[in-house]
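A.B. asks: So the protein lines, in turn, are chains A and B.
Be aware that the first sequence starts at 225, since it is given in this note's numbering, and climbs by one per residue.
Be aware that the second sequence starts at 506, since it is given in this note's numbering, and climbs by one per residue.
None of these hints come from the bench; they were simulated from the model.
Heads up, a few of these hints could be off.
Unchecked claim - Among the chain B residues that face chain A by a calculated CB cut under 10 Å, a handful are: (1) V509; (2) T512; (3) E535; (4) T560; (5) E564; (6) G611; (7) G613.
To be verified - If we take Cβ atoms under 10 Å as the criterion, some of the chain A residues that face chain B in the derived model are: (8) Q230; (9) H231; (10) P258; (11) G265; (12) P268; (13) D273; (14) N277; (15) Q323; (16) I327; (17) K330; (18) G331.
Since we're looking at a predicted model, the values are computed, not measured.
The beta carbon of each residue, even a glycine, is placed where N, CA and C say it ideally should be.
Each chain is listed here by its residues.
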Amino acid sequence: GENVEQHPSTLSVQEGDSAVIKCTYSDSASNYFPWYKQELGKRPQLIIDIRSNVGEKKDQRIAVTLNKTAKHFSLHITETQPEDSAVYFCAASIGGGSQGNLIFGKGTKLSVKP
Amino acid sequence: NAGVTQTPKFQVLKTGQSMTLQCAQDMNHEYMSWYRQDPGMGLRLIHYSVGAGITDQGEVPNGYNVSRSTTEDFPLRLLSAAPSQTSVYFCASSSPGQGNYGYTFGSGTRLTVV
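Build the full structure now, drawing on both the sequences and the hints.
C.D. replies: Here it is as structure tokens:
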């Protein structure tokens, strides 16, 4: 079945450094790729997403890149701050996305040390 | 606009008991789903619905039932609770028919089965 692999599972950086989380997906029909941030004890929150017709998208300190040929996408966080510490999940739509289902990676726990 | 509302927030069940987790959304989203979140496993799809009267199974449906009698409500029923169902459950909704593929999550239900 469809699968999303996410790496690394844990990531520790110094405040001010950049962080990169990578995901690969198996369904070549996937066309929507969101990223979620989940703080301890809270619900996942959508922080950025990208569609398959776009190669890169930025929103202030976060950016997402997509390589459809290689079937991988990445989250980039620049100038990290302690409040960026959380678990980050990538996801990919199953098929073209019209049905609504997303398949999630297993998450990356990001720790930003002050 | 309350978004996605889940109740209860916490629940302890004895093995063999049944219960219903409630989920309601006020955004007129046609798509609703239930995920369970276990440590190191990410978010796994239990059941989903693409509209009132329509439900389907996800990746881990065994032991759970759902119904969708209205657009707003999507309850999840545990038929006979087992310790393996100890998890955090999230309800999510979206509107792919309107081009809104990103999920809005409820605040979660932490369920313990003893």
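A.B. asks: Each of the hints needs a verdict: does it hold here or not?
C.D. replies: Each hint, compared with the structure:
Taking 10 Å as the C-beta cut-off, the interface hint given for V509 (chain B) holds, the closest approach to chain A being about 8 Å. Taking 10 Å as the C-beta contact cut-off toward chain A, the hint placing T512 (chain B) at the interface is violated, the least distance being around 14 Å. Proximity of E535 (chain B) to chain A holds as hinted, the smallest CB-CB distance being about 8 Å (cut-off 10 Å). Interface restraint check for T560 (chain B): the shortest CB-CB distance to chain A comes to about 12 Å, outside 10 Å, so the restraint is violated.
Interface restraint check: E564 (chain B) against chain A, minimum CB-CB distance 8 Å, threshold 10 Å, status holds. The interface hint given for G611 (chain B) holds, since its Cβ lies 7 Å from the closest Cβ of chain A, which is under the 10 Å cut-off. The closest approach between the C-beta of G613 (chain B) and any C-beta of chain A is roughly 6 Å, which is under the 10 Å cut-off, so the hint is satisfied. At about 8 Å, the closest approach between the beta carbon of Q230 (chain A) and any beta carbon in chain B falls short of 10 Å, and the interface hint on this residue holds.
Here the hint on H231 (chain A) is broken, as its CB sits about 13 Å from the closest CB of chain B, past 10 Å. Satisfaction of the interface hint for P258 (chain A) is found here, the shortest Cβ-Cβ separation to chain B being roughly 5 Å, below the 10 Å cut-off. Nearest Cβ of chain B to the Cβ of G265 (chain A): about 9 Å, under the 10 Å cut. The hint holds. Given the 10 Å rule on beta carbons, the hint for P268 (chain A) holds: about 5 Å separates it from the nearest Cβ of chain B.
Taking 10 Å as the C-beta contact cut-off toward chain B, the hint placing D273 (chain A) at the interface holds, the least distance being around 6 Å. Proximity of N277 (chain A) to chain B is violated relative to the hint, the smallest CB-CB distance being about 13 Å (cut-off 10 Å). Interface restraint check for Q323 (chain A): the shortest CB-CB distance to chain B comes to about 6 Å, inside 10 Å, so the restraint holds. Evaluation of the I327 (chain A) hint against chain B yields a held restraint, the C-beta minimum of about 7 Å falling below 10 Å.
The beta carbon of K330 (chain A) comes within 4 Å of a beta carbon in chain B, closer than 10 Å, and the hint placing it at the interface holds. Hint status for G331 (chain A) relative to chain B: holds, with the closest Cβ pair at about 5 Å, below 10 Å.
Checked against the numbered hints listed earlier, the structure breaks hints 2, 4, 9 and 14; every other hint is satisfied.
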